[in-house]
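Student: Chain residues, written in single-letter form:
2 protein chains.
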Amino acid sequence: MRIEIPREFERLGAVRIYGLQKVYELDAGPELNPPARDDAVVRSLSAEAIYEVQREMAIVVPVRSERLKLIEGVLVGIPHPCLVIVVSNSPREPTDRHFLELDSITNFCRFTRKQVLVVHQKDPLIAAAFVAAGYADLLDESGLVRDGKAEGMMLGTVLARIMGRRYVGFVDADNYFPGAVNEYVREYAAGFLMHGNDHTFVRISWHSKPKIVEQSLYFAKWGRSSRRCNRALNQLLGHFTGYETEIVKTGNAGEHALTVELAMSMRYATGYAVEPYHFIDLIEQYGGITATEHGDMRRFVRICQIESRNPHLHADKGDAHVADMIVGSLATIYHSRLCPVWLQREIDGELRKDGFLKEGDTLKPVRVYPSLARLNVDAFAAAVQSLVAGRIGAPIVSIATVR
Amino acid sequence: MRIEIPREFERLGAVRIYGLQKVYELDAGPELNPPARDDAVVRSLSAEAIYEVQREMAIVVPVRSERLKLIEGVLVGIPHPCLVIVVSNSPREPTDRHFLELDSITNFCRFTRKQVLVVHQKDPLIAAAFVAAGYADLLDESGLVRDGKAEGMMLGTVLARIMGRRYVGFVDADNYFPGAVNEYVREYAAGFLMHGNDHTFVRISWHSKPKIVEQSLYFAKWGRSSRRCNRALNQLLGHFTGYETEIVKTGNAGEHALTVELAMSMRYATGYAVEPYHFIDLIEQYGGITATEHGDMRRFVRICQIESRNPHLHADKGDAHVADMIVGSLATIYHSRLCPVWLQREIDGELRKDGFLKEGDTLKPVRVYPSLARLNVDAFAAAVQSLVAGRIGAPIVSIATVR
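Heads up: the protein sequence lines correspond to chains A and B, in order.
Numbering of the first sequence is given in the numbering used here, commencing with residue 1 and proceeding in unit increments.
Numbering of the second sequence is given in the numbering used here, commencing with residue 1 and proceeding in unit increments.
Okay, chain A solo, but in the shape it has when bound:
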């Protein structure tokens, strides 16, 4: 992969948010001998270097009733060195869709010898493991893990941790282009190679999203939600730095990866707020604005943003979710203890003007889960041992001992 170095960054305490990085080649080829002279502004990352990172990476694929053909295509796109963790929340009744997923993935793994771990979000054993690990926050009244992609992502993160991986990345299961999935995972590796493997967060900004407009395709750059979400996050940043900024381009980025260590230290919002809340949590914890839990300002948290080259074409879920996404994203900024009153007023006004908040309604806070640092990893690992060992697609993986 050949990729430009970031041109700028915004700093807030220990948090650095880097400007969007452009990709010049999906595949820069192998290591050269002697090494290629690096350009001042563009770095060439060899296949070997990328594989080295991917060998320590788990890719979590949250699944909920996506077509099996689509899920298989996503697996085809994930580079072989990565461990794949499929967290399914597909219904088991009246048709046991999860059984079909398991069958199809097992068959696929027979051909690829891919390392794939498949779990179901509603498995009682998973719920019991969260209880045993002292982190019952994810469970609902029925005693099982709550529905929701955010909850699935948290479960995937914990599994990546007990499998001994250093990095965890996320890709959606409804992507029509395996080549786009392949690109995202390369970019995750590129981000860690360029920004270090300590407290780095890599977020992908889609090149474009093809939309059908009057019987032809229009490649839209910004969605209705990300436009608003990015603006509000940038306003919040600008409030503290004193400079207006457009640095944040990935407020809603579902495609992202981070070090497992960082992931285990973060708090998570639910629903559509999960991605923008990453920014809020990191700024609240490491931004150095108010007295924080994390005093160590020498450990930089680097948020790196990469613009993918493939358009993003996924299964069409209709428009109903966009309103929820807008409200969820903005609520998470509105309810941050760092959000100034003027920005709260602006968000509230915008939501009312555009009909997302009705007369008399108030913007509800989103549920936030405490940091996974509270979770006893050893206890969780012990509790899921049988499940993890039994459900692996390829036989060569075993649960790594906790690092």
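Honestly, the hints are just simulated from the structure, not real lab data.
All the given hints hold, so there is nothing to weed out.
Just so you know, same-sequence chains aren't split out, so a pair can sit in one copy or run between any two.
Within a straight-line C-alpha distance of at most 25 Å, the following computed PhoX-like cross-link-like pairs (lysine-lysine) qualify:
id, residue 1, residue 2
1, Lys22, Lys221
2, Lys221, Lys317
3, Lys69, Lys211
4, Lys364, Lys353
5, Lys22, Lys209
6, Lys69, Lys22
7, Lys69, Lys317
8, Lys122, Lys69
9, Lys122, Lys317
10, Lys22, Lys211
The hints should help you fit chain B onto chain A, whose structure is shown.
Tutor: Same frame as chain A, now just chain B:
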């Protein structure tokens, strides 16, 4: 890349046409030590092995007025080890579009240090080189190379030859997904790795082609032309083997690669007939059916067909070309000296029934250029020396001495 071995093949003299091969992983990772135990039916091809082939490969990109953004995306997708040859036939007046292409590609190469050779099909120097090389067949009355993608592809092939490459592959300049381009070029390498680098021809069958149907996307598998073209080619094959077959899936495959040695020995049809004529020429020359120019039946020509995993989404050129494509494809089969009378009748009947041939019209033969074996490579190389050296994007390439 992880890819199945072909399950079957059809044999006609020295020509072997292999069944469609399915891809299981776009990226199978690096060479393992000790090497991975290969499955009986699926082969894992390491990144190192693929790069080794790509280092000897030229990728020809025929260009005609495609948007610069699209062309750049295609270059982003071509793996770095490949030499890129852009053969443009974009208009130079009233706007000099070729100048804009050259400027944009030069700028791109500044960031990537990619080896790109850009030529214009109508360059008088190119025409003079064909004359000097004793192959004036490509020129029209004005003394320049004729318009047409086939002519551009032949020019690209000759340039690949004088640049000393062993393989030549083709990708279209109007592909929206750099990741799909990347996949095609990996599959070219995979084909040569699996079938040898002697007389191998790799053809890609698109996974699907998204079409807009009533405001949503439908992933069609077979185009209107390829359906007819493949059927007629299979009928021709079946006529000689005595067994009905569906082996040919890539009659119209624009995405294909072959050894330069094979490419230099072939005859080429023009227009939309160029791709199906590959089959006709190889069967006529190597099929062992009638007395042929090539007597050596011990040199197998292997046609390998790979099913890509990415859908093919390219710029919409409207439907007008489909009729030409159908007529051109079928004409090339109809006019083969091998085509039996019953198949000629069937093709003629089909074209009349469906309105492609009007009352009183006859199916015109397509122009066929003689084999490039006639071309004096040294003379061509000498004539284009200055042009090639002067127009290269990266400074590190020089014309290789003729092998």
